[in-house]
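> The primary structure of each chain is shown beneath.
Number of protein chains: 2
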Amino acid sequence: MAGNHNELQMRGIKRETMSKQVVDQIIGLLRSGQLKPGDKLPTEAELSGKLFVSRPVLREALSSLETMGMIHRKTREGTYFADKIGSKPFSIMLALSAGDIPAIMEARMALELGLVTVAAEKISEDQLAQLEELLRLMALRTKDYVDLDKEFHRTIAYSANNPILEGSIDPLLNMFDETLSQIALTDRDHAITLQEHQVIFEALRRRDAAGAFSGMYAHLNHVRAKVMKRLAES
Amino acid sequence: MAGNHNELQMRGIKRETMSKQVVDQIIGLLRSGQLKPGDKLPTEAELSGKLFVSRPVLREALSSLETMGMIHRKTREGTYFADKIGSKPFSIMLALSAGDIPAIMEARMALELGLVTVAAEKISEDQLAQLEELLRLMALRTKDYVDLDKEFHRTIAYSANNPILEGSIDPLLNMFDETLSQIALTDRDHAITLQEHQVIFEALRRRDAAGAFSGMYAHLNHVRAKVMKRLAES
DNA sequence: TTAGGTTTATTTGTCATACAATTGAACAAA
DNA sequence: TTTGTTCAATTGTATGACAAATAAACCTAA
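Just so you know, the protein sequences line up as chains A and B, in that order. Using our numbering, read the first sequence as starting at 1 and increasing by one per residue. Using our numbering, read the second sequence as starting at 1 and increasing by one per residue.
Keep in mind that the hints were calculated from the coordinates and are not lab data. Because the structure is a prediction, the values reported are computed rather than measured.
The calculated lysine to any residue pairs, modelled on SDA-like cross-linking and capped at a C-alpha distance of 20 Å, are: (1) Lys20(B) with Arg55(A); (2) Lys84(A) with Ser91(B); (3) Lys229(B) with Glu121(A); (4) Lys88(A) with Gly86(B); (5) Lys122(A) with Ala218(B); (6) Lys88(A) with Leu30(B); (7) Lys229(A) with Ala98(A); (8) Lys40(B) with Ala98(A).
Working from the sequences, and respecting the hints, build out all of it.
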């Protein structure tokens with residue numbers, strides 16, 4: 001053969017399947033604003049007619065959209081766009097990284113760091129009160145406080161009041177304590193955790209974004225260290 | 001009617017469709033470690049046999065997984081789990097928030113703030129050199145530098161070297177400049193942007209996580225302010 | 001032997017059709 | 001007004017058939 005082919009960068013040609021094109025078409029209805037979240041879509045019969053595809057193909061597309069939580073379907077009622085974003089797509093993404101604990105830990109860190117910063121700007125009084133209550137409860141218990149710990153983080157995440165971010169953090173936190181359910185926790189851990197949570201809370205109350213960030217950074221660094229240690233042992 | 005029904009919190013019952021259950025089953029193969037990314041799945045005939053579902057139902061499930069980029073299918077070859085995560089699921093999630101620019105801006109902020117922090121820990125010399133080159137180029141041009149700007153941010157995002165986060169930031173950045181392609185940019189903007197980028201870069205070079213964060217925070221605050229102003233005008 | 005062409009069999013891609021299951025809506029009955 | 005019943009529309013599932021693509025095996029000729 002003549003020539004060096006290493007530089008050739010050809011776009012792999014794979015004719016897109018019908019169902020995939022249909023998916024794009026339907027998403028396009030949202031992007032272009034022709035339909036809005038919550039709106040009803042045409043029936044399967046109509047759609048397959050308009051798009052010139054068979055019903056199975058159309059249903060493959062709709063199934064895709066449904067498992068991603070983008071649409072809901074009910075027998076006899078019809079098909080509707082979801083009105084709020086769900087966490088399914090992200091959680092499915094994560095399945096491919098199941099097992100890659102460092103990557104998951106890192107992603108969680110990155111996301112929570114961003115979240116706590118935004119939360120510092122937007123958190124409501126109610127949510128602050130919730131956090132304070134969680135701190136109080138956690139101070140009382142020195143064991144079995146993991147759920148309270150989790151709740152604290154989740155509350156902060158939700159205090160950012162952003163649907164996109166909420167859909168992302170949930171699966172991450174879940175995946176996290178699925179894979180690392182039981183990490184040995186000492187009394188000392190309890191004290192440190194509590195104290196770090198306290199710092200974060202105070203910063204949030206002051207609406208101090210930078211403070212909240214650095215508090216969370218310190219906290220998650222400890223968490224990460226524990227996780228990595230645990231990982232090295234096994 | 002007797003009694004107050006407001007307190008009733010019943011779990012809406014909706015028997016899951018077959019295809020959805022099949023999706024979960026297949027994902028389970030990954031989660032449980034029975035199969036790994038890149039592995040080949042059984043043929044459709046085998047699967048529909050083992051799972052006791054018809055082929056259309058099975059194909060609905062496989063289509064779902066394919067549009068999310070979790071599997072790849074090729075005629076005659078078979079079906080394989082993807083080996084790396086894709087950005088499709090997230091980008092589809094975003095479609096539902098298509099018009100909600102403040103939410104998108106916020107999500108971008110949060111994610112980039114987390115990313116730059118992690119990047120500060122992990123960025124490679126090569127990537128630092130890339131950033132420096134981008135800065136140099138941008139200093140030369142005072143107009144049409146948006147692409148360089150974008151590239152700077154994207155390079156930082158990829159410097160976190162985390163597949164999960166990469167899959168998330170890409171659609172966000174794209175959605176962002178789809179909806180806000182043309183924002184008026186003055187010479188003063190150019191100078192400020194350049195200077196802020198410089199600060200971020202220096203922090204990254206020092207592997208200074210906190211510095212990188214605060215640099216990025218300041219920068220994105222400016223971006224956000226511009227976006228919001230623009231939004232208020234229209 | 002080796003390079004290239006041809007056939008074959010396997011697997012995914014698409015379609016048409018039929019029927020089951022669910023349930024909103026209209027209507028009937030108490 | 002309430003409750004039960006029927007009807008019809010829509011999604012859910014199954015079967016079977018065929019098309020399209022192509023890896024693998026085989027064949028042919030230089």
